[in-house]
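Listed in order, the protein sequences are those of chains Y and C. Counting in our numbering, the first sequence runs from 24 upward without gaps. Counting in our numbering, the second sequence runs from 2 upward without gaps.
Quick caveat, the hints were computed from the structure, so don't treat them as lab data. No residue lacks a Cβ here, since even glycine has one placed at the ideal position from N, Cα and C. Accuracy of the hints is not assured; some may be wrong.
[Claimed, not checked] Label pairs and their computed distance ranges (CB to CB):
id : chain 1 : residue 1 : chain 2 : residue 2 : range
1  : Y       : G138      : C       : R74       : 51 to 61 Å
2  : Y       : Q225      : C       : T29       : 38 to 48 Å
3  : C       : P63       : Y       : Y445      : 16 to 26 Å
4  : C       : E55       : Y       : E568      : 38 to 48 Å
5  : C       : D41       : Y       : S575      : 35 to 45 Å
6  : C       : T29       : Y       : E380      : 49 to 59 Å
[As the list claims (entries may be wrong)] Where chain C lies over chain Y, by a calculated footprint (3+ residues, C-beta under 8 Å):
id : segment
7  : 212-220
8  : 275-287
[As the list claims (entries may be wrong)] Lysine to any residue pairs mimicking SDA-like chemistry, simulated, CA-CA at most 25 Å apart:
id : chain 1 : residue 1 : chain 2 : residue 2
9  : C       : K64       : Y       : Y68
10 : Y       : K334      : Y       : H276
11 : Y       : K592      : Y       : D466
12 : C       : K64       : Y       : P226
13 : C       : K64       : Y       : A232
14 : Y       : K503      : C       : E7
15 : C       : K64       : Y       : T66
16 : C       : K64       : Y       : G458
17 : Y       : K503      : C       : D62
18 : C       : K67       : Y       : A379
19 : Y       : K592      : Y       : Q492
20 : C       : K59       : Y       : Q492
21 : Y       : K139      : Y       : Y68
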Amino acid sequence: MRIAITGIGIVSAIGNNCAETLQSLLEQRSGIGPMRYLHSVHTEYPVGEVQLSNDELRQRLNLGDEPLPRTSLLGIMAAREAIAMAQAPCDTLISGTTVGGMDLTEQHWQDYKQGKSVATIPLHEAGASTRAIMRHLHSPLGELEGSCYTPSTACSSALNAIMLGCDMLRTGQAKRAIVGGAESLSRFHFNGFRTLMIMDQQPCRPFDANRNGLNLGEGAGYLVIESENDALARGAKILGYIGGYANACDAFHQTASSPEGEGAYLAMKGALDMAGLLPSDIDYINAHGTATPNNDVSESASVTRLLGVCKLPAVSSTKAFTGHTTSASGGIEAAICVLAMNNSFIPANLHWTQSAEGLITPVTQTLHQPVHHILCNAFGFGGNDSSLLLSDHPIDLTEATLSSLSPLRGKSEGGCEVSAAYLRRLSPQMRQLVGVAKQALQDAGIERPDAIVCATRWGCMQQSIRFLQDMIATNEQELKPTPFIQSTHNTIASLMAILTHNHGYNATYSQGKQSLACALMDIRCQMALGRIRSALVLEFDEQVETWDEVLSLIGEQTCNIARAHVYIKNE
Amino acid sequence: MEQLIEQLKSQIIEALNFEDLTPADIETDAPLFGEGLGLDSIDALELIMLMDREYGIKLADPKQGKQIFRSVRTMAEYIQEHRTK
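Let the sequences and hints guide you as you build the complete structure.
Structure representation (structure tokens):
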């Protein structure tokens, strides 16, 4: 099957649609500036905000007063543009996010204590922000009906969404999918990154010798993908092809990338291998390039290793335009790559002035030249590294039929002792799951599964609520980095990778009660396509008193879940 | 100085969640990172917070921590010299 891209949609700090984005890129106009809509006390940090208030977004999108997180508002805007461009309805929405409805939770936390604003409570769930996007994709061209998926692997979420979409097309589980991600700024993760001391108070300078951290941004970016045959049959304009993709785990540290960039190298190599291309075929690498001291060194090392003796192609990070849009970055940057391919240019890496040993030298001015093959990178916390290969040529990918799947040796709920220095940072329920997972692997006689996939409804709530409460109680003054680091949905899947020294596929899904079904869809596709033979599937949720008090206002509650299943491909 | 060192050990245990350790388990001159306690970059950030919270010392650049956090002793020496509370 050849996977064709027939629509794209983008909203970010450099434009509310593709046309505005293209213009900003060509004119080298950055969207990073003083804070306008994020109500943080730390206004000394510039951000890449979408230049529309929530009310203005609602007006443009013709939405009523239904409570919606900003993540969903941005997602609806970009997704509608992509579907309108494709001129055809989609049957599947796969949208990565981690922030989800955190903006509403932090805004209304005090209201909840008084039993007010309860309608926004269910929107805290990451999957709920995706379902909200799906509900509002009405367009004259058709209504999206069917399934929705929310990969939540921190800053690689949107690229992992694109990968799942491709797998579902290749296994006949989707016919036309809209894939990417959406993420709004929130005080929660803005302060989280602040405690990590990796935010620059100046506009960020990716790959520069004097870079001093990232600027946070927000937005949404989607691709509409379908088989080339389907696209040609309906006379659709094809904007490009997806030729390869891979995800690998750095399995090094929860927030830092390894100095040699092992995970990043494996992801880029995997994407090239799937496409049957060589490093010398690549015209452009849209780097993750966050401008943190650590990322840019690690990514440079991985790119240099990938290239070997080949000459460095044009490389740029577009984060100096948009800021780091975290979970949405893979979607926004993949869409930017499609713009680059269709308009024959390479976007500049703004604000770069000085090279340094161990750092690749990016393109500093817009280059006008044909662009045939592009690698687009997105790396996330937990060493979750993904790379996508986009091409203007059709590339044949294998197809397969899904078969049924049953867990090996049932479920393991016991658990064995695990001792590792970093476990001291985990909540008791997270530690429990690590033990259960280790036991399940031992029972199955598998040391290192090919994939680790976690399903969670609410994510790592104990640490999230702790950080949220500290943030509100101290007016963003006294915050600790540890709970923030542990608050991302993919914390456990990535810890299991570190614990089992596993560079294989790593993903986490948050889709309410459908989270496990999403995780199983992912591994079934990959098993059918022959990329994995074994998988560790984790189920996690934890009960937190303060959160249960909030949920009781809408007649819900959480429960402790720590289950692990091992799956082996049926031969 | 000795009193500060003991106090600092307790504060490190609490800030970094070393539930199983007592101050006596931490050697004053042993390296905190790599070997010894085996701390990492997240712990370094927690130690920066601790210095601010308990002793009113603000480090703007996490790289400064490398020298200061070599051992409990180096940390205590730095605190003694720079503390504002």
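We went through each hint and held it up to the structure:
A beta carbon spacing of about 53 Å between G138 (chain Y) and R74 (chain C) agrees with the range 51 to 61 Å that was offered as a hint. Distance hint check for Q225 (chain Y) and T29 (chain C): the Cβ-Cβ separation is about 40 Å, which falls inside the suggested range of 38 to 48 Å. Distance hint check for P63 (chain C) and Y445 (chain Y): the Cβ-Cβ separation is about 19 Å, which falls inside the suggested range of 16 to 26 Å. At roughly 28 Å, the beta carbons of E55 (chain C) and E568 (chain Y) sit outside the given window of 38 to 48 Å.
Checking the proposed 35 to 45 Å range against D41 (chain C) and S575 (chain Y) shows it holds: the Cβ atoms sit about 38 Å from each other. About 37 Å separates the C-beta atoms of T29 (chain C) and E380 (chain Y), a value inconsistent with the hinted range of 49 to 59 Å. With 3 residues carrying a beta carbon less than 8 Å from a beta carbon of chain C, the segment 212-220 of chain Y meets the three-residue requirement, and the given coverage holds. With 4 residues having a beta carbon nearer than 8 Å to a beta carbon of chain C, the segment 275-287 of chain Y meets the requirement of three or more and the stated coverage holds.
For the hint pairing K64 (chain C) with Y68 (chain Y), the CA-to-CA distance comes to about 20 Å; that is within 25 Å, so the pair holds. The hinted pair formed by K334 (chain Y) and H276 (chain Y) fails the criterion: a straight-line CA distance of about 31 Å is larger than 25 Å. Our distance criterion of 25 Å between C-alpha atoms is met by K592 (chain Y) and D466 (chain Y), whose separation comes to about 17 Å. Taken as a hint, the K64 (chain C) and P226 (chain Y) pair is honoured in the structure, with Cα atoms around 21 Å apart against an allowance of 25 Å.
This hinted pair checks out: K64 (chain C) and A232 (chain Y) have alpha carbons roughly 15 Å apart, not beyond 25 Å. Annotation: proposed proximity of K503 (chain Y) to E7 (chain C) holds, straight-line Cα distance about 23 Å (limit 25 Å). For the suggested pair K64 (chain C) and T66 (chain Y), the alpha carbons sit about 24 Å apart, so the restraint of at most 25 Å is met. Annotation: proposed proximity of K64 (chain C) to G458 (chain Y) is violated, straight-line Cα distance about 35 Å (limit 25 Å).
Restraint check: the Cα-Cα separation between K503 (chain Y) and D62 (chain C) comes to about 16 Å, which is no more than 25 Å; the hinted pair holds. Distance hint between K67 (chain C) and A379 (chain Y) is fulfilled; the C-alpha atoms sit about 22 Å from each other, no more than 25 Å. Restraint check for K592 (chain Y) and Q492 (chain Y): the C-alpha separation of about 44 Å exceeds 25 Å, so the hint is violated. Between K59 (chain C) and Q492 (chain Y) the CA atoms are separated by roughly 23 Å; this keeps the pair inside 25 Å, and the hint holds.
At roughly 32 Å between alpha-carbon atoms, K139 (chain Y) and Y68 (chain Y) are farther apart than 25 Å, so this suggested pair is violated.
Violated hints, listed in ascending order, are 4, 6, 10, 16, 19, 21; each of the other numbered hints is respected by the structure.
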